[in-house]
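Undergrad: Spelled out from the first residue to the last, the chains are:
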Amino acid sequence: MPLYHDDDQAMLAETASQFMAEEGAIAKQLRHWRDRDCKDGFGHGLWKQFAEMGFTGMLVSEDDGGLGMGSYEAGIVLEEIGRNLTPSPFLASSVLAATALKHADNNARERWLPGLVSGDHVYTVAIDEGAKHRPETIKTRAEKSGNGFKLTGQKDFVLHGASSDMLVVAARTSGSDDDADGITLFAVPKDASNVSHDAVRLVDSSMATHTKFDGVELDGDAVIGEVDGGREILNAMLTAGRIGAAAEGVGVASGAMDMTVDYLKQRKQFGKLIGEFQALQHRAAHLYSEVEIARAVTMKAAQLLDGGSEKADLMASVAKAKVAKAAGLAVKEGVQMHGGIGMTDEYDIGLYMKRDRALQEFLGDMYYHAGRVADMSGY
Amino acid sequence: MSDHEAFRAEVREWLEANCPPEMRQPVKDEDDVYWGGRHATFKNDAQKAWFEACRDKGYTVAEWPEAYGGAGLTPAEGKILRQEMSRIGARPPLSSFGIWMLGPALLKFGTEGQKQKFLNEIARGEIRWCQGYSEPGSGSDLVSMQTFGEDKGDHWIVNGQKIWTSYADEADWIFCLVRTDKENKYQGITFMLFDMASEGVSTKPIKLISGNSPFCETFMDDVKVPKSYGEDIPGYVGEINRGWDVAKYLLGHEREMISGAGGGDRTAAIGAAMKRMSGELDAVLRAELAMFDVDALAYSAMGEKFLDEMKAGKGHPAQPNMMKYVGTELNKTRHELMMAAGGSRALEWESEETRGGKPARNWLRTKANSIEGGTSEVMLNVISKRILDLPGA
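Read top to bottom, the protein sequences are chains A and B.
When the letters of the first sequence are read in order and numbered with my numbering, they come out as residues 1 to 379.
When the letters of the second sequence are read in order and numbered with my numbering, they come out as residues 1001 to 1393.
Any given hint could turn out to be false.
Calculated pairs, DSSO-like style, for lysine-lysine (alpha carbon to alpha carbon, straight line, at most 27 Å) [stated by the list, open to error]:
(1) K1385(B) x K311(A)
(2) K265(A) x K1079(B)
(3) K268(A) x K1385(B)
(4) K272(A) x K1385(B)
(5) K102(A) x K150(A)
(6) K1275(B) x K332(A)
(7) K311(A) x K132(A)
(8) K1152(B) x K139(A)
(9) K1079(B) x K311(A)
Ranges of calculated distance between the beta carbons of each label pair, as one might list FRET restraints [as the list claims (entries may be wrong)]:
(10) M1339(B) x Q278(A): 39 to 49 Å
(11) T1074(B) x A10(A): 17 to 27 Å
(12) D1141(B) x S309(A): 39 to 49 Å
(13) D191(A) x S1002(B): 45 to 55 Å
Hints in this document: simulated from the structure, not taken from any laboratory.
We treat Cβ as the ideally placed atom computed from N, Cα and C, and that holds for glycine.
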């Protein structure tokens, strides 16, 4: 399979690009909700529009009412989300939670998927415990209790946790904190008792929660997949989520770069367009190269995942790390090359820097993923 | 079974039957690479058998038309062949500047007669070519070159000097940029073809910091270059005075080649090999290796995308400059890290254990990667002007 869009994918890219540039634009979404101190961090109206476009259920199988597309197609949409800094629950709901629900039984799929596909519901995932992404260790415990479970622990960096209708929670049902086995995934509805959210606004104006589970009673139906068999599903979620986050990061990087290159062609100093200065040209050209490569490896990782390749996991980490490097460079160079106005809230380039920072951290930063590449390669 | 799967199965079977086990080992020494040419010798029977099998099958230049010595594979089939060769670690059966550079130029700009003669000679490994581009006063500013061909009717008399001609001392023929109009900078260069055995041609190897001499200075002292080698076989490619078009096209190919696009998947990441070599890795070196492996693996995906796009006529025409820039810088970093992991053993210049100082010599050799075929700085200039459309200085 060649590493470029086929006709259908090219059409999807064009549609998503137009839609996001119009409906998901920075002024219309990110600034709009931020300036109103929105407690969700995104607009539910746009989420309904996502549903009308078919985006919400892209990864949901056709049997379950979705489009049955792959990670590659989700990446196409995410790149446009990134380019426009469009706040939405797409990554958490339509990629991460949807990937988990693929492994759920019929009852659970019937309960949760229609609301996702229709855009009436928003879901999220609760994985991290602590300020850094370390999914190898899971301390949150679900003890057997009657016919169900009792969930106790704390999760962090739960994207729009307080606005979500359901949380996919990774918890330990056996073994010790660092064991690979003994993990179970639960679908925790928002009205479950003894769940408390400490909602915080993040640097990029998105909302996340520290979520406490204080003996949350769940019935057996809440289990996604098999009891103690959740690690594999969690890994599948992480791989899809990391590739998705990488795709969004490629969009952030491209958006910041395009804005910066445009600025180099407009701003005059010393009687010249600053884009005429070789010192800036070379940095812009280097940045272009890094962003191109970041896009290529993200597409490759998605293709591998969709093709069921065992290399997908490694390439997901390569992609996440490479995109972090490239996007980090794009936003830093972006602010620097914009000069003073790059520091103002009025200009969008700073928003790219903030979004990039949050995205870098989500599902593991470049240090985590480069370390993972070394581990998986055997050194 | 789809056509492609059937082709893959066929290729696998053919490789299994024809690629000797010795030819599935990584290239270690210079004579592991077969370059062909009038004076070529084979290192061993396996090298000979592998070359001859590929030559007879058209696999030395698999995607060239059959009439010119290739196998006429489609781009998709070519990719499958490369994948299958890479899977078993098969060495290229024949390496040459004819395949990488002159061939593509002739396919695009050559006459039918030139293609029949020269492409077949290249495909069959009969003639080894070298490239005459740079001059002592014309490196990055190549178009300022001054080697001059005086028009004598049916031939030119060429005088001048080329430098950095790779393996000129072992080549049979040269494709050479010669100025044929002193008044016209860009449209005054002709892309000539002539025999290195011609009277007046001499070469002198240049000793590099690696101690090796892969490059020569090439002197042309009243060399007679015919305008024609027979019916429909001009002694130049493209049109007279329009050789710069050919040269530019070829530089694109050279950049692709130097960037190592498409290959290198097996050797892209180095961390694991470094650990095997030196045991425990210092924590910070391990971290540097991990960051490098991220870059290298990402670049190999870029190489795949780049080749796929190129074959489909997609992608920006100046993209080879980006590939060349990143690929060569990456290779320099790779060898820096290999030296670091290798420690004092890697410093040895002549020992048996290092096969004559390979680590150090290879490390030094890579420093030329970002100079030859257009410096990194020139690549960045091209990217900023042609791709990013930044204003000219």
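Undergrad: Take the hints in turn and mark each one as holding or not.
TA: Do the hints match the structure? See the list:
1. With a CA separation close to 37 Å, the supplied pair K1385(B) and K311(A) exceeds the 27 Å bound.
2. Restraint check for K265(A) and K1079(B): the C-alpha separation of about 40 Å exceeds 27 Å, so the hint is violated.
3. Using a Cα cut-off of 27 Å, the hinted pair K268(A) and K1385(B) holds, with the two alpha carbons roughly 18 Å apart.
4. Under the criterion of a C-alpha separation no larger than 27 Å, the hint pairing K272(A) with K1385(B) is consistent with the structure, at around 16 Å.
5. Between K102(A) and K150(A) the CA atoms are separated by roughly 24 Å; this keeps the pair inside 27 Å, and the hint holds.
6. Proximity of K1275(B) to K332(A) is assessed by CA-CA distance (about 34 Å); at most 27 Å being required, the pair is judged violated.
7. Pair hint K311(A) plus K132(A) holds up; C-alpha atoms about 25 Å apart against a cutoff of 27 Å.
8. With a C-alpha separation of about 87 Å, the suggested pair K1152(B) and K139(A) falls outside the 27 Å cut-off, and the hint is violated.
9. A threshold of 27 Å between alpha carbons decides the hint, and for K1079(B) with K311(A) the separation of about 19 Å falls inside it, so the pair holds.
10. Judged by the Cβ atoms, the range 39 to 49 Å given for M1339(B) and Q278(A) is violated: they are separated by roughly 31 Å.
11. Hint check: T1074(B) to A10(A), Cβ distance near 21 Å, so the stated range 17 to 27 Å holds.
12. The given range of 39 to 49 Å is respected by D1141(B) and S309(A), whose C-beta atoms sit roughly 46 Å from each other.
13. At roughly 51 Å, the beta carbons of D191(A) and S1002(B) sit within the given window of 45 to 55 Å.
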